[in-house]
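Engineer: Chains as they are written, first to last, in our numbering: chain U, 329 to 696; chain L, 329 to 696; chain W, 329 to 696; chain X, 329 to 696.
Keep in mind that the hints were calculated from the coordinates and are not lab data.
Given the structure is predicted, the values throughout are model-derived calculations rather than measurements.
One thing to keep in mind: the hints can contain errors.
It does not matter which identical chain is meant; a pair holds if it fits inside one copy or across any two.
[Said to hold, decoys possible] Taking lysine-lysine pairs in the BS3-like style, the calculated list, with each CA pair at most 27 angstroms apart, reads:
id, residue 1, residue 2
1, 403, 428
2, 421, 653
3, 653, 377
4, 421, 403
5, 601, 428
6, 377, 428
7, 421, 529
8, 529, 403
9, 428, 653
10, 377, 601
11, 529, 653
12, 529, 377
There are 4 protein chains.
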Amino acid sequence: MSFNSFGHLFRVTTWGESHGPALGATVDGCPPGIALTEADIQPWLDRRKPGQNRFTTQRREADAVEILSGVYEGKTTGTPIQLLIRNTDQRSKDYSEIAKTFRPGHADITYHQKYGIRDPRGGGRSSARETAARVAAGGVARQVLAQLLPDLIITGYMVQMGPRRIDRTRFAWGTIAENPFWSPDAATADLWADDLDALRKAGNSVGAVIEVTARGVPAGLGAPIYAKLDSELASAMMTINAVKGVEIGAGFGAAALTGVENADEIFMGNEGKPVYSSNHAGGILGGISSGQDVVVRFAVKPTSSILTPRASVTTDGQNTEVVTKGRHDPCVGIRAVPVGEAMMACVLLDQLMLHRAQMGDTPGGMIG
Amino acid sequence: MSFNSFGHLFRVTTWGESHGPALGATVDGCPPGIALTEADIQPWLDRRKPGQNRFTTQRREADAVEILSGVYEGKTTGTPIQLLIRNTDQRSKDYSEIAKTFRPGHADITYHQKYGIRDPRGGGRSSARETAARVAAGGVARQVLAQLLPDLIITGYMVQMGPRRIDRTRFAWGTIAENPFWSPDAATADLWADDLDALRKAGNSVGAVIEVTARGVPAGLGAPIYAKLDSELASAMMTINAVKGVEIGAGFGAAALTGVENADEIFMGNEGKPVYSSNHAGGILGGISSGQDVVVRFAVKPTSSILTPRASVTTDGQNTEVVTKGRHDPCVGIRAVPVGEAMMACVLLDQLMLHRAQMGDTPGGMIG
Amino acid sequence: MSFNSFGHLFRVTTWGESHGPALGATVDGCPPGIALTEADIQPWLDRRKPGQNRFTTQRREADAVEILSGVYEGKTTGTPIQLLIRNTDQRSKDYSEIAKTFRPGHADITYHQKYGIRDPRGGGRSSARETAARVAAGGVARQVLAQLLPDLIITGYMVQMGPRRIDRTRFAWGTIAENPFWSPDAATADLWADDLDALRKAGNSVGAVIEVTARGVPAGLGAPIYAKLDSELASAMMTINAVKGVEIGAGFGAAALTGVENADEIFMGNEGKPVYSSNHAGGILGGISSGQDVVVRFAVKPTSSILTPRASVTTDGQNTEVVTKGRHDPCVGIRAVPVGEAMMACVLLDQLMLHRAQMGDTPGGMIG
Amino acid sequence: MSFNSFGHLFRVTTWGESHGPALGATVDGCPPGIALTEADIQPWLDRRKPGQNRFTTQRREADAVEILSGVYEGKTTGTPIQLLIRNTDQRSKDYSEIAKTFRPGHADITYHQKYGIRDPRGGGRSSARETAARVAAGGVARQVLAQLLPDLIITGYMVQMGPRRIDRTRFAWGTIAENPFWSPDAATADLWADDLDALRKAGNSVGAVIEVTARGVPAGLGAPIYAKLDSELASAMMTINAVKGVEIGAGFGAAALTGVENADEIFMGNEGKPVYSSNHAGGILGGISSGQDVVVRFAVKPTSSILTPRASVTTDGQNTEVVTKGRHDPCVGIRAVPVGEAMMACVLLDQLMLHRAQMGDTPGGMIG
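Chain U on its own, in the form it takes in the complex (with noise of 0.2 angstroms):
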């Protein structure tokens, strides 16, 4: 089985491999209307690219999103989008010695055990390079959302890097851009770039958490039991190339809480809405929006692919050492920030669709 959409009634499906002609998203479901052109996709896609400083894989793709269908004259029509990317960095060099063994921590082996049959060429359908689809798709969710939600502020980065956190106390949403870590603390983010040049020239690789917080959802989103606005949030993130890991709010941290400490308290503020003392819950209580920062954080190993070498097998059995040569991410984490600002966009538009379909546009139950 091989499901390879998301989304209920906003619904991307990805398609392509790392080494094909092209790949894409078909989004279907998409609200009309909505002024949409390649030029509104294209930022997005510009901050996943590859090879734009010596942190991330030296592939050169442009990654120049094409619109096929479901835009007229500039505007949405209701009808499905397909988003198109052409590689053309792809190296059409002899894989048959790739073919043959299994990178340890990697999926040639699962694809292998699964399929009986995989495309070698970069890492075929589980190269990281599907991605790039994802951000395609979350471009044209940001789009929607801009009309539907123009509050909404949806930010990535990240605040892990091998064993160094940042220090939050030093947070600043204006650094998050200004270094090619995603950091929104600029001090850690120059050690991270000591740590990485040291790993590289070892041969080596690092992981990562990314956090995403959405500033601006309101309240309501979400549905009690197995559509929960964090579960949807977990699976989306959990579909990410190499995440191992997804919490809300305090997460695993909140295991170690009382419930004392983790009751997020609740006042009335000064606009007649609540406010609440902490955010524990990461905007997200009983799966439900309630209007605080939805804050998602998820885990990325380190990149299997590395110079180093490690002990695999080979497809007829016998012992081996492998090594991977090619232009790999040493810290994947990195460009998995705005992967990981797609997915939210795409999982707040769906759930503000479903939303929409139970209650219409009128509000639930106002407080005061």
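Got chain U; can you put chains L, W and X on it based on the hints?
Structural biologist: Below, chains L, W and X alone, put in the same frame as chain U:
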């Protein structure tokens, strides 16, 4: 929107409130010809049942399951199985005060914000009582799995309560069922007992981390992109009440590792199957099971219903204080253990069915 | 595979067998705040109830519905509504003979071929008794529609029994509820009574055609390609027991028309809305409602359970003859009328919710 | 809402407009290891291709399919297959007049009513050109079915054009491919040629009935209630442009039959399989295939784009007359034949995969 179903082919829909006449689960898609009686399901429910020791809520429920459909002469027929559990210890007290305010950290406020109406009796649909229905459905899944994957063993246990973690050097599978905390480390269980007694007396509660391990999962379950085994598990666990984080294998710990450390090296085992030097991947690579143990952990926040007063607001917008009397678990994580096992069983069966759909009963690629 | 759910957002899952303890429907996704009691649903069930006249099965069932969840203080809460109907007149006779052979034209043989097991008591899951659950769910949908689309009127009626069709020049809406055949043409109803008496005495049965008209459907429901309003209706009606054909508007008659004849010409009406010279389209163009009456017809085959002996085989492969005694409708089409209405109600509400999701409460394009 | 996908496990999503740069289909869930090249798909597209004789539109499209993903070294990999077809003969004429009015009987008006925007170039998404993508996807399904069900033969043909039906006593499978109408009755094909020449000259069009027969369908595909094989087929056929009715086996004719006549009597055949005296059921009983030929018919309305003037209104609410010039099929039913076959192939493969999911490769119940 209000999706109360999970699973693609082994599809479970739960229904019911804490203080209504009954709750239950409709299990659709179950393979036919599987031996199934109430006696096969009841033991799993008994493990989750409240009131079994001083560490869980004192509500007294028999949690007796009735099979209303889908079984003929003790065997499943392939048609939907309705599992009904009557509520017998709901108390007809006055809920009018409770209905006018919101417990901090609880779904009360977001249900109100979304729907403008909520059933305040015992938390209504947001009560953890809903998880009884999941455990019943999980009992059906286990019965099928016992036939299709006879070597599969699913085991849940608590690995952290509050800030105190188990000592993994003392890990013993046999210990888990012998203490009220499902702890694999007896010494830590004793300390937790003291911790929890103190918290309970203080009118407080505490969070926990649960781990669920599935041994004997065949290689090849899952799919590459948006139906990854890990995203399915993340989604499933995150739907359990009070869960705020999910991780697979090394999880958030993987962020701190290098690629050299994280690579689970592969060797050919004596049985002609690959063996691994470690299991940072938690048995899942590229969204597909590798044959190693599948290991999932989830964080449960502390119960928000506590005796300590917390600041809140009323439905008509006045500041107030909330104290929650009544019967509540001081650590909901304890009873989440059998729920996590049930979700694991349902997800694995669903994935096995999806795998059969695409691949038939034939294996994918053998190694060696 | 065994999907027992229909609908995308207003989602109905039915369960239960003819001779089990109960059957029912789980209704998920219902908007909150809708007044709903058993008394709102019961009248629709009473219309479908067996044993009301000599033309339907003499099985005596109260078909009393119980609401087990999703309603608080007489209003829906947005959480799943469990509708339970107990079976009270199942007969504990010996089914061992019936289990060994297959009624020609009945699901007996295919259930056996697919599952290798079937519940032979009263047809088990294949009994038309399952449709009681649909009618109950349709009652919920009607209650929501009464609030969201107050001008909507859904009416089902029989237009053909055996070879005899109604005379449309005598069509009267008021006549439908006044005869046991739901005929809009009283004179034809009298002839059908004679026809059916004769068939019943001969141990035979007969087919029928049912038409369901929805008046007051707003323009814009449905979607262009695979979620067309007509394909959703076709799917819904074709799931009713014994249905072998579905058509919209002119339906199969459109095949014989020219484009000039078939074009429903459009004019501006006095109310600033388009009016049409005819309704060959049955109110649906390109999969989307136009504001004209939505008209669906479906063909019901004759009951396969008849007293006249028919050739068949046994489960162990011997030729035999089958005579079906017991209580069976000589024309199942009669009781399919309220079922068709229920499916129309569920589909329209589901489509209305889907439409709101994409478009909000704002209209699409006005004319003029 | 705008679902552009069909199928549960073999899942096809189509995209694209009549006059955009390209259209296509994303095929998800395809089993791996199936030989597949463009050359396997192209013949099916060539059968649907416009401009092949004087009875179809004179638009000239090569309809050349390109496989962009999901295939490696000539075999499917189990990942999504993107099938792209470029539009080459779209005409850049002035559509401003067309955009201001609505063709009677066409989707123009309802797209406007729903979305408030539409792509008027060649009908945009509502063009029958979308069906090319289905035929391409059906080509993939056929390639899989050839391996999984080698005895399966799917054949579509026209059985009625306007009021004139084929004479079934002259039915010959071999005749179908030998005339431009896919008629199994050569004599009627000649009469249809005269009929259609006359209609075309008169600026008129005509409807048709298509039958699709699948021989060699194994018993057991489908499911009892809402995923019946017949409802899946009804839904699939009803999604094809201009289809207004679908029937299985005797279909609407069954309404006129008695139970004695309609019962397909069963006998044990020489090969140890049941044989039937007739096939009123169209190969489906209780939603599940019986092993008899699966027979589906669908009615196609006459093309609404005709040269004869018809009354209509403008977008700003003025009465007007519409005459549709340009290249249009006088009988869209002709080119619907390969489309109906493609839908049958996709549905059968999807059902086969669903069946394997629940039952594995093992058969259900044998007879004898």
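Engineer: If any of the earlier hints don't hold here, list their numbers in rising order.
Structural biologist: 6, 8, 10
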